[in-house]
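J.: If you're matching them up, the sequences are chains L and D in order. Going by the working numbering, the residue at position 308 of the first sequence is 308; the numbering climbs one at a time, nothing skipped. Going by the working numbering, the residue at position 138 of the second sequence is 138; the numbering climbs one at a time, nothing skipped.
Treat the hints loosely; a few may be bogus.
[To be verified] One side only, chain D facing chain L, incomplete, derived with CB under 8 Å: (1) Asp205; (2) Ala276; (3) Glu296.
Treat the hints as calculated values from the structure; they're not laboratory data. Yeah, the Cβ is synthetic: ideal placement off N, Cα and C, and Gly gets one too.
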Amino acid sequence: MATLLEVKDLRTHFYTFEGVVKAVDGVSYEVEEGETLGLVGESGCGKSVSALSLMRLIPDPPGKIVDGEVLFESEDILKIDMDDMRRIRGAKMSMVFQEPMTSLNPVLTLERQLSETLQLHRGMSREEARQESVDLLSRVGIPDAERRVRQYPHQFSGGMRQRVMIAMALSCNPKLIIADEPTTALDVTIQAQILELMKSLTSEFGVSLIVITHNLGVVARYANRMNIMYAGKIIERGAAGEVYSNPRHPYTVGLLKSVPRLDLPRRAKLDPIEGQPPDLINLPEGCAFRDRCRWAVDKCATEEPPLMLVNEGHWSACWRSDELGPSALDFLADLGLYADDSSNGAAASESDAEVE
Amino acid sequence: MTTMTETGTQGRAPAESGEILLEVKNLKMHFPVTAGIIFQRAVAHIKAVDGVSFFVRRGETLGLVGESGCGKTTTGRCILQLYRPTDGQVIFDGQELTGLSTRQMRTMRRRMQVIFQDPYSSLNPRMTAGNIIGEPLIVHGLVNSKDEYKDRVAELLQNVGLNPYMADRFPHEFSGGQRQRIGVARALSVDPSFIVCDEPVSALDVSIQAQIVNLLEDLQERFDLTYLFIAHDLSVVRHISNRVAVMYLGHIVEIADRNEIYRSPLHPYTRALLSAVPIPDPIIDAQRERILLSGEVPSPLNPPSGCVFHPRCPIAIDSCSEVTPELREVDSNHWAACIQAPGYGSY
Chain L
1 MATLLEVKDL
11 RTHFYTFEGV
21 VKAVDGVSYE
31 VEEGETLGLV
41 GESGCGKSVS
51 ALSLMRLIPD
61 PPGKIVDGEV
71 LFESEDILKI
81 DMDDMRRIRG
91 AKMSMVFQEP
101 MTSLNPVLTL
111 ERQLSETLQL
121 HRGMSREEAR
131 QESVDLLSRV
141 GIPDAERRVR
151 QYPHQFSGGM
161 RQRVMIAMAL
171 SCNPKLIIAD
181 EPTTALDVTI
191 QAQILELMKS
201 LTSEFGVSLI
211 VITHNLGVVA
221 RYANRMNIMY
231 AGKIIERGAA
241 GEVYSNPRHP
251 YTVGLLKSVP
261 RLDLPRRAKL
271 DPIEGQPPDL
281 INLPEGCAFR
291 DRCRWAVDKC
301 ATEEPPLMLV
311 NEGHWSACWR
321 SDELGPSALD
331 FLADLGLYAD
341 DSSNGAAASE
351 SDAEVE
Chain D
1 MTTMTETGTQ
11 GRAPAESGEI
21 LLEVKNLKMH
31 FPVTAGIIFQ
41 RAVAHIKAVD
51 GVSFFVRRGE
61 TLGLVGESGC
71 GKTTTGRCIL
81 QLYRPTDGQV
91 IFDGQELTGL
101 STRQMRTMRR
111 RMQVIFQDPY
121 SSLNPRMTAG
131 NIIGEPLIVH
141 GLVNSKDEYK
151 DRVAELLQNV
161 GLNPYMADRF
171 PHEFSGGQRQ
181 RIGVARALSV
191 DPSFIVCDEP
201 VSALDVSIQA
211 QIVNLLEDLQ
221 ERFDLTYLFI
231 AHDLSVVRHI
241 SNRVAVMYLG
251 HIVEIADRNE
261 IYRSPLHPYT
271 RALLSAVPIP
281 DPIIDAQRER
291 ILLSGEVPSP
301 LNPPSGCVFH
311 PRCPIAIDSC
321 SEVTPELREV
331 DSNHWAACIQ
341 APGYGSY
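Bound-form chain L, shown alone (with noise of 0.2 Å):
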């Protein structure tokens, strides 16, 4: 598979006026020609803006990208003036966004909306356009498109919005979608009808996807790699299976095991990460992480790991990632830690072996 994107070093400050918030510092990944990418991270990590960066959004001021390249099809786009990137943006890299409500425009009904991306990439007529709208609603699975394209949003439930959002971002048939946090703001079941629906588009026109989300049951249904951040980040990267069965950095690890799993036997207590995210604004020196991280030692303190190679096409930035892997999960392993049924013993083992 070929490249198809590439970040190298990328850092998007803000400068406000209580000094320099750092919210992507540094972050480097590459995204395969249909492949899936999840950027998986808590609120305040970076994670949007790093996003937010590629697609040339961030508004300055307050925001700058100080530095980094970022090559799409091999063109650095950070470079490019703003009229060759807006050729660019909806046409070749698209967005879709969380909040299904606020994104699209109250005022003016779908098929305007839906057909002023296809006018001016594609250069269609007005009644090509509104043709191609209603078939990309149908597509994305909206019954009576006909019909609903003359509608506004207002008429629409949260999931069809997104429905509608991703059908906006599939227009021009890009190479590369950005979906940030695209099912938080629905419901379970709904949220399973949009997974599956992204997961057959994508894979059916041969898309790449980077999907930013906190929630690490979305990624691992969805991803093929994952990059996960902390404080601007990146502190652990790589294929989706190899960095949920054997993560090798203490915020993944706490992570997981912070989390309640319905497929294993439940636990007496959960284990949350103690402590606080750092303010972006004073970052200590060394790791960021290591106030809050069990496996601590002075050299954290002191000399900020780099990501580091720690297994086939897996990467973490910890010190001590050698002494991770899935004995850190000891949930998994330790099964006597579980505080009731038994009947739900031969399950956990299963899975339990699946993992290791």
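Starting from the known structure of chain L, fit chain D onto it as the hints suggest.
T.: Same frame as chain L, now just chain D:
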């Protein structure tokens, strides 16, 4: 086969059962939709909660799950009489609440409290954390002197894992997780026996969610609390609840012990809901059976006839659109409202 309401009062005694602290019988909350500017008349009713019955035992946590708009929050508010229910009974510790006056209700609220979902909008931005936590103490006359007040506020802050010196800070100086701790301390201040937790962790990040869930569990043990835990996240609900009730469009469709409901869900909606939750492990997730529901939740303004779930139900039969299934005990301590559930009997 008995119905839910009967079993509640007769107190069928399963081995681990405790005393029933709260009982809700056939609760209905219909909000009128009005038309007209001067002479407002009701043209329709939104049936947010439409005949809900359940009980909560002393010391247990009952989880109430469902998707947005299913009426779970309205149920919680009706129990606290923040909404006056259209019909039905709410019996708390032997006392019927629906008929109480506002004044009588105020004394009852010393014993029943609420923790709200959004820690950003539920705290008054102009009050310090200390005043937010201490206000109920003054309202209910629980302290006699300034020193006593201060000591109690400090103690409450410590109970929820905050530092007493934080009492002088304003809400905006706290993070989301800390704010939710303030909300918990405020609810605890009057020493209640029952707390409605309305999506207390939904707005928080994963690593912080676990902190608050553990805190709620610790406090329950220390202060002998009973929780009604309302949430849409099924994995969190299973973790914290002893029993789980599933709601759909104003009705409870299933109630069972937490392990039972996850191991052998009987209602097709519960099954779909469980299968829709992605598991944070790609290998296991890929192997799970997935039931994709078609369509969306119908409007509570004009709910479907018969079983409200039948238009989306993968196993619906003709009778489902005609018969409204009541919640019945189909197995020991397992209630379901589906005519096709094994053990449901004739309809």
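J.: All the hints need checking, so say for each whether the structure fits it.
T.: These are the hints, each one checked on the structure:
Evaluation of the D:Asp205 hint against chain L yields a held restraint, the C-beta minimum of about 4 Å falling below 8 Å. At about 4 Å, the closest approach between the beta carbon of D:Ala276 and any beta carbon in chain L falls short of 8 Å, and the interface hint on this residue holds. The restraint placing D:Glu296 at the interface with chain L holds, with a minimum CB-CB distance near 5 Å, inside the 8 Å limit.
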